[in-house]
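Keeping the supplied structure of chain A fixed, place chains B, C and D upon it in accordance with the hints.
Chains as they are written, first to last, in my numbering: chain A, 1 to 267; chain B, 1 to 267; chain C, 1 to 267; chain D, 1 to 267.
Errors might be hidden in some of the hints.
In silico contact screen, one side only, chain D against chain A (beta carbon under 7 Å); selected entries [unchecked claim]:
{"hint": "1", "residue": "1"}
{"hint": "2", "residue": "46"}
{"hint": "3", "residue": "58"}
{"hint": "4", "residue": "177"}
Cut-off 35 Å, straight-line C-alpha distance, at most; resulting in silico cross-link-like pairs (DSBU-like, lysine-lysine) [what the hints assert, rightly or not]:
{"hint": "5", "chain 1": "D", "residue 1": "255", "chain 2": "C", "residue 2": "183"}
{"hint": "6", "chain 1": "A", "residue 1": "255", "chain 2": "A", "residue 2": "265"}
{"hint": "7", "chain 1": "A", "residue 1": "255", "chain 2": "B", "residue 2": "140"}
Just so you know, these hints were derived from the structure itself, not from any lab. Note that this is a predicted model, so its numbers are computed, not measured. Built from N, CA and C at the ideal position, the CB exists for glycine as well.
Protein chains: 4
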Amino acid sequence: MLNKTIQLRPDDPEITLTAYVTDEPWKARDAMLVIPGGGYGCICDDREGEPIALAFLARGVNAFVLKYSVGAKAKFPRPLVDASLAMAYIKDHAEEFHIDPDRVFCVGFSAGGHLSASLGTLWHLPEVEAETGLPHGKNKPAGMVLCYAVLSAGKMAHKGSFYNILGTQTPTEEELDRYSIEKHIDENTVPAFLMHTAEDPVVPVENALYTAEALSKQKIPFELHIYPHGPHGVALGDWQTSRGNKAWEDDAVAKWVEDAVYWMKGI
Amino acid sequence: MLNKTIQLRPDDPEITLTAYVTDEPWKARDAMLVIPGGGYGCICDDREGEPIALAFLARGVNAFVLKYSVGAKAKFPRPLVDASLAMAYIKDHAEEFHIDPDRVFCVGFSAGGHLSASLGTLWHLPEVEAETGLPHGKNKPAGMVLCYAVLSAGKMAHKGSFYNILGTQTPTEEELDRYSIEKHIDENTVPAFLMHTAEDPVVPVENALYTAEALSKQKIPFELHIYPHGPHGVALGDWQTSRGNKAWEDDAVAKWVEDAVYWMKGI
Amino acid sequence: MLNKTIQLRPDDPEITLTAYVTDEPWKARDAMLVIPGGGYGCICDDREGEPIALAFLARGVNAFVLKYSVGAKAKFPRPLVDASLAMAYIKDHAEEFHIDPDRVFCVGFSAGGHLSASLGTLWHLPEVEAETGLPHGKNKPAGMVLCYAVLSAGKMAHKGSFYNILGTQTPTEEELDRYSIEKHIDENTVPAFLMHTAEDPVVPVENALYTAEALSKQKIPFELHIYPHGPHGVALGDWQTSRGNKAWEDDAVAKWVEDAVYWMKGI
Amino acid sequence: MLNKTIQLRPDDPEITLTAYVTDEPWKARDAMLVIPGGGYGCICDDREGEPIALAFLARGVNAFVLKYSVGAKAKFPRPLVDASLAMAYIKDHAEEFHIDPDRVFCVGFSAGGHLSASLGTLWHLPEVEAETGLPHGKNKPAGMVLCYAVLSAGKMAHKGSFYNILGTQTPTEEELDRYSIEKHIDENTVPAFLMHTAEDPVVPVENALYTAEALSKQKIPFELHIYPHGPHGVALGDWQTSRGNKAWEDDAVAKWVEDAVYWMKGI
Chain A
1 MLNKTIQLRP
11 DDPEITLTAY
21 VTDEPWKARD
31 AMLVIPGGGY
41 GCICDDREGE
51 PIALAFLARG
61 VNAFVLKYSV
71 GAKAKFPRPL
81 VDASLAMAYI
91 KDHAEEFHID
101 PDRVFCVGFS
111 AGGHLSASLG
121 TLWHLPEVEA
131 ETGLPHGKNK
141 PAGMVLCYAV
151 LSAGKMAHKG
161 SFYNILGTQT
171 PTEEELDRYS
181 IEKHIDENTV
191 PAFLMHTAED
201 PVVPVENALY
211 TAEALSKQKI
221 PFELHIYPHG
231 PHGVALGDWQ
241 TSRGNKAWED
251 DAVAKWVEDA
261 VYWMKGI
Chain B
1 MLNKTIQLRP
11 DDPEITLTAY
21 VTDEPWKARD
31 AMLVIPGGGY
41 GCICDDREGE
51 PIALAFLARG
61 VNAFVLKYSV
71 GAKAKFPRPL
81 VDASLAMAYI
91 KDHAEEFHID
101 PDRVFCVGFS
111 AGGHLSASLG
121 TLWHLPEVEA
131 ETGLPHGKNK
141 PAGMVLCYAV
151 LSAGKMAHKG
161 SFYNILGTQT
171 PTEEELDRYS
181 IEKHIDENTV
191 PAFLMHTAED
201 PVVPVENALY
211 TAEALSKQKI
221 PFELHIYPHG
231 PHGVALGDWQ
241 TSRGNKAWED
251 DAVAKWVEDA
261 VYWMKGI
Chain C
1 MLNKTIQLRP
11 DDPEITLTAY
21 VTDEPWKARD
31 AMLVIPGGGY
41 GCICDDREGE
51 PIALAFLARG
61 VNAFVLKYSV
71 GAKAKFPRPL
81 VDASLAMAYI
91 KDHAEEFHID
101 PDRVFCVGFS
111 AGGHLSASLG
121 TLWHLPEVEA
131 ETGLPHGKNK
141 PAGMVLCYAV
151 LSAGKMAHKG
161 SFYNILGTQT
171 PTEEELDRYS
181 IEKHIDENTV
191 PAFLMHTAED
201 PVVPVENALY
211 TAEALSKQKI
221 PFELHIYPHG
231 PHGVALGDWQ
241 TSRGNKAWED
251 DAVAKWVEDA
261 VYWMKGI
Chain D
1 MLNKTIQLRP
11 DDPEITLTAY
21 VTDEPWKARD
31 AMLVIPGGGY
41 GCICDDREGE
51 PIALAFLARG
61 VNAFVLKYSV
71 GAKAKFPRPL
81 VDASLAMAYI
91 KDHAEEFHID
101 PDRVFCVGFS
111 AGGHLSASLG
121 TLWHLPEVEA
131 ETGLPHGKNK
141 PAGMVLCYAV
151 LSAGKMAHKG
161 SFYNILGTQT
171 PTEEELDRYS
181 IEKHIDENTV
191 PAFLMHTAED
201 PVVPVENALY
211 TAEALSKQKI
221 PFELHIYPHG
231 PHGVALGDWQ
241 TSRGNKAWED
251 DAVAKWVEDA
261 VYWMKGI
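Looking at chain A on its own, in the form it has when it is part of the complex:
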């Protein structure tokens, strides 16, 4: 297989894309950009990076894990620029990666879900196109998978994530609205697959519900699974990512990758 790490920005060696690509495929595969979470303060790629990539890879989807700008560098649109560069890199190397450039999806977790949703919703922001210099639509995913994602900046917000991407702990309403995903869903938004646990104590399930409502209003196709049990950060929902924490293991949750791959076929 091809398993290598690519530097996405000449100016920042921390922004990387790690490829998980099978050898000798006989046809172009679907691709998945995997965006781990961490509240835009760090990157939880141990649980939400490689294990996710391998789960998709084994189901026929070549995968790529992104390390994006966090902490002091998290101010938007910088992480969205990182993700856009990643999308463009994958598409530009479709032949090397044995993938179909029209079928590059993204999956994100928690804050990574916000970045994934930003890519699927705000891919056309002029400042992103300006900063990346990419042709219009080059960074647009074929669909987005949003796992217990930070989405809404309203009263159900995961505040820390928004403080990080706004670069202030006292944002105005207007600033918050700017990256509150459910407010930007329109005809440009890509199809979505969402999953969340009802009792998530960190990112309230309303983040998924409000976004689903906005998707429905705009008639953007979506699939949504809310599982009754499980804390924040369930990742694969099985022992592989639970580190022995039984609350992170649940047979209902553990079906989501299979379901997401089935959903992708319908896109």
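Below, chains B, C and D alone, put in the same frame as chain A:
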């Protein structure tokens, strides 16, 4: 097996409960009251009655299909009284039916989903207790399964259902609110499992989303699955209930019974 | 649904067929004749009758449980005549039972597996045709499902079963051969699905292996699953038929009905 | 992840082990040595190497693909020495590979199935211990998975494989017996999981049946799945390894990896 039809009301032979109960179980089983849809104008029990009962029965849940008051007799609380009598009958015959009276669930489809949700939410209505003469809580289910259910009487309402249960085509806001499920979810509401298709053109998916939001607000445990494809009335989602209409068959949808049975174990 | 018991022989009220048939199907279904075990000494229909019928029914296969001649009446070909009458009855009532008369399968357990295999292998015995008066092939199933079946009368035989059907505890080699299934597999034999547990202490797994070998030799299509764990009599392999005996529950075993239904589609 | 290729023999750079190991596991994992087929004439690792490794890896099993001696170098025990060195290397690097050295399994396909079965059956051959210099039992797997494996050198043999490992096209009966797996199953043999298709035109299904019989006789635990349809070389049984050949895709077959992983838990 025991497969018989019971008359629930001495005054109306059309209100019946049909039992699907296995012989010689070695332990008390869970029970499921199955409530078919039909807009409170008729009862679609061919697709949403027996096939559902048999699907649960084969997974270890004894099942009972309800025929309730519809059409000219649909005015509330009459159908809710029917469903309450059914719950009481099942619990009162726990020994004959080999079931645990503390674990009688209900599942409803479309308008039957409204009646199922009414049972899980409005079981304590004084007029219902008065009319049935049942002890407080006797009609309360252990949990409710709501399939592409009519739930909200607001702008996303399936109007026909509400006209039928209100007995008027020009209801007031206050009348509509009375049976708009999401407005009555409180600490008395039972755990819920909801499923819907995103593109349902008859009962908008917002019915499920608004109810999920209300459940979340009240911290009532719930599970929700929204599948991207499928018209109204998918029933089992497989060839058994599709009558050859391929739009009613979908492998994603067809998992819901299995998922609901797993959910029941967690209650 | 239609759930009734039919008497198959005017001369013996104990020989019956119990139908489990859904109402209002929109197309002709497959049918399954269910033959419980009991060493030809009794009929274990509590665990290997109705629960099996309901498992197939819920997956779209109308089912019929047979009570056949056992004990003092077990001498062959009498039980095979019973099973033949059952097949003929089902086919003759295809319209009433909403089934395709060309797609009536049989499934048998332990000694019932022997009877099922006899039907699929020895359906053309002249004495059976003579005694039943049925047209040639009327009793032939479309395929046979053999669960931990008594099949071989050789050194791996479940002796009790053969003593019962031969009516002697000191049969000659020639008598034993007469109903040793693996010796009669030829171009008349129907496709087979076999399952067994490797450690079955009552009916050795060689019964399945020898039969598979004979099927392979004759190029009769077959599917075979041998699960490593489980005592004799696993039935459904889940809690429904385990009566609390955990050894009778196993997730590997519990897939066989689903697998058998998939196999039927390929016939 | 760790994805590197190790040279197993100083004298032959073609004999390699390619590791597929996840980063930062929180507990020691099971390991799987993957042995592709090719009739001991070549190595089909494109379809029976990496795709298999990734399928196990995604289910929590770290995997290692072996390239062993074939063609002019295939004469036994050389390939068995290669496989023994691979087992020893994996166990000796248990810490680096995050695996439990007591739980290293092997899986083989076609001729690779023969090599896998040789490892599980003939691991104690004096000439192998002599040539490798390994401590007794160091090369013994925890269990063996045999996929449409070349096993018997008798009348159902895949002759080409045996000619290659015997180094002659006119072997004596005694020579053939030496590596005919079913003749060497005894108390030293490890638990087995076998799968085959009934209509395999290259390696007859009897190879699996005879071996199962021998395993049963010795009371070695085994699981066996024979699927009715599919040519030789089904690999994963899905589109990933079918190269567009629909005969290599079958939903029944495609369950085997999942089943094998479940089987491993029971060892």
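(message) Given a cut of 7 Å on the nearest C-beta pair, is the interface hint for residue 177(D) held or broken against chain A?
(response) violated, 38 Å
(request) Starting from residue 255(D), check that the Cα of residue 183(C) is at most 35 Å away, please. (result) Holds, at roughly 32 Å.
(message) Hint residue 58(D) vs chain A: min CB-CB distance below 7 Å?
(response) The hint holds - residue 58(D) has a Cβ within 7 Å of chain A, the shortest such distance being about 3 Å.
(message) Less than 7 Å between beta-carbons is the criterion; does residue 1(D) satisfy it with respect to chain A?
(response) holds, 6 Å
(request) Quickly compare the C-alpha distance for residue 255(A) and residue 140(B) to 35 Å and report which way the hint goes. (result) Holds, at roughly 31 Å.
(message) Hinted pair, alpha-carbon criterion (35 Å max): residue 255(A), residue 265(A). Please report holds or violated.
(response) holds, 16 Å
(request) With a cut-off of 7 Å on the beta carbons, see whether residue 46(D) makes it to chain A. (result) Result: holds, 5 Å to nearest chain A Cβ.
Hint violations for this structure: number 4 only, all remaining hints satisfied.
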